[in-house]
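**Student:** Sequence:
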Amino acid sequence: MAQSDTVDRILDAAEELFADRGFSETSLRMITSKAKVNLAAVNYHFGSKNALIHAVFARFLTPFSATLEKAFDELEEQCNGEPATLNQTLWALTESAVRMPQRNEQGISIFMRLLGLAYTQSQGHLRKFLEQEYGQPFSRFMRLLKEATPQLSAVDRYWRIQFMLGATAFTMSSSDALRDILQNKLGVETTVQEIAARLVPFLAAGMQAEDTMLVPSAGGKTSVA
10 MAQSDTVDRI
20 LDAAEELFAD
30 RGFSETSLRM
40 ITSKAKVNLA
50 AVNYHFGSKN
60 ALIHAVFARF
70 LTPFSATLEK
80 AFDELEEQCN
90 GEPATLNQTL
100 WALTESAVRM
110 PQRNEQGISI
120 FMRLLGLAYT
130 QSQGHLRKFL
140 EQEYGQPFSR
150 FMRLLKEATP
160 QLSAVDRYWR
170 IQFMLGATAF
180 TMSSSDALRD
190 ILQNKLGVET
200 TVQEIAARLV
210 PFLAAGMQAE
220 DTMLVPSAGG
230 KTSVA
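Numbered according to the working numbering, the sequence shown terminates at residue 234, and the numbering increases by one at each position without gaps.
Take these hints with a grain of salt, some might be off.
Calculated pairs, BS3-like style, for lysine-lysine (alpha carbon to alpha carbon, straight line, at most 27 Å) [unchecked claim]:
| no. | residue 1 | residue 2 |
| --- | --- | --- |
| 1 | K79 | K137 |
| 2 | K58 | K79 |
| 3 | K58 | K43 |
| 4 | K58 | K137 |
| 5 | K79 | K155 |
| 6 | K45 | K58 |
Here are the computed distance ranges between Cβ atoms for each label pair [said to hold, decoys possible]:
| no. | residue 1 | residue 2 | range |
| --- | --- | --- | --- |
| 7 | Q87 | T129 | 47 to 55 Å |
| 8 | G31 | G175 | 17 to 25 Å |
| 9 | S162 | G56 | 39 to 47 Å |
| 10 | Q202 | G56 | 33 to 41 Å |
| 11 | E219 | E156 | 30 to 38 Å |
| 12 | L48 | A218 | 34 to 42 Å |
| 13 | A218 | A49 | 49 to 57 Å |
| 14 | N52 | G90 | 33 to 41 Å |
Quick caveat, the hints were computed from the structure, so don't treat them as lab data.
Just so we're clear, the structure is a prediction, and the values are computed from it rather than from any experiment.
Cβ coordinates follow ideal geometry from the N, Cα and C atoms, glycine included.
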């Protein structure tokens with residue numbers, strides 16, 4: 010078995026098991042069994058389980074980051090010194106993700122599940138790795154968002170970004186199931202690209218919604234903050 014083939018089989022198995030079971034619940038023995046390799050091969054190519062987790066993310070994020078940086082370069086050149094609109098910024102991010110070459114039809118949904126797990130499970134080493142290796146394009150995205158929403162306070166922008174990321178993670182990680190439901194209920198077929206095209210204006214509208222917050226009072230009524 011060629012070395013690259015061994016690495017790909019280990020990464021494919023790890024990616025699928027991590028997405029289905031979580032990081033802590035997936036053992037190296039499960040991964041070696043699914044990949045049909047021995048533990049020595051995992052240790053040789055990756056050295057540790059944490060390093061294997063990092064490699065699973067890097068396989069997607071390294072080419073994605075390069076594609077995203079190019080998309081941002083093209084966007085800023087197109088805007089000629091003017092701030093990009095929110096729709097333009099969000100579409101640059103989303104289009105970069107959906108046009109990435111995928112090893113299988115579930116590539117995007119699997120990765121989005123993994124990304125969600127990175128922040129919901131206790132994986133401090135992974136968050137540190139992501140910040141160190143991919144902080145530049147993420148910081149650039151945050152700057153473009155800030156320029157596109159000058160009317161928002163820092164706190165409002167923070168929460169709306171979290172809501173936006175949550176909606177994106179759910180939609181894209183569940184895209185296969187959502188497509189099946191649409192087909193079964195309405196007889197309509199759709200693609201990941203079409204889902205993304207519908208998602209972007211929804212996210213943009215949420216980010217730019219009127220700054221009104223309803224706060225429950227002690228008597229059960231709500232008031233405008």
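**Student:** Each hint: holds or not?
**Tutor:** Verification of the hints:
The straight-line distance between the Cα atoms of K79 and K137 is roughly 24 Å, inside the 27 Å bound, and the hint therefore holds. The hinted pair formed by K58 and K79 fails the criterion: a straight-line CA distance of about 32 Å is larger than 27 Å. Distance check on the hinted pair: K58 and K43 sit about 15 Å apart at the alpha-carbon level, within 27 Å; holds. Taken as a hint, the K58 and K137 pair is honoured in the structure, with Cα atoms around 15 Å apart against an allowance of 27 Å.
A distance of roughly 20 Å separates the Cα atoms of K79 and K155; the hinted pair therefore holds under the 27 Å criterion. Proposed proximity of K45 and K58 is supported: the alpha carbons are some 17 Å apart, at most 27 Å. Checked against the given bound of 47 to 55 Å, the beta carbons of Q87 and T129, roughly 36 Å apart, lie outside it. Between G31 and G175, the C-beta spacing of about 18 Å keeps the proposed range 17 to 25 Å intact.
The hint said 39 to 47 Å for the Cβ distance between S162 and G56, and at roughly 45 Å that hint holds. A hinted range of 33 to 41 Å for the beta carbons of Q202 and G56 is consistent with their spacing of about 38 Å. Take E219 and E156: their Cβ atoms lie about 20 Å apart, and the range 30 to 38 Å is violated. L48 and A218 have their C-beta atoms about 52 Å apart, which leaves the hinted 34 to 42 Å range violated.
Our hint of 49 to 57 Å for A218 and A49 holds, since their Cβ atoms are close to 55 Å apart. At roughly 52 Å, the beta-carbon separation of N52 and G90 lies outside the given 33 to 41 Å, and the hint is violated.
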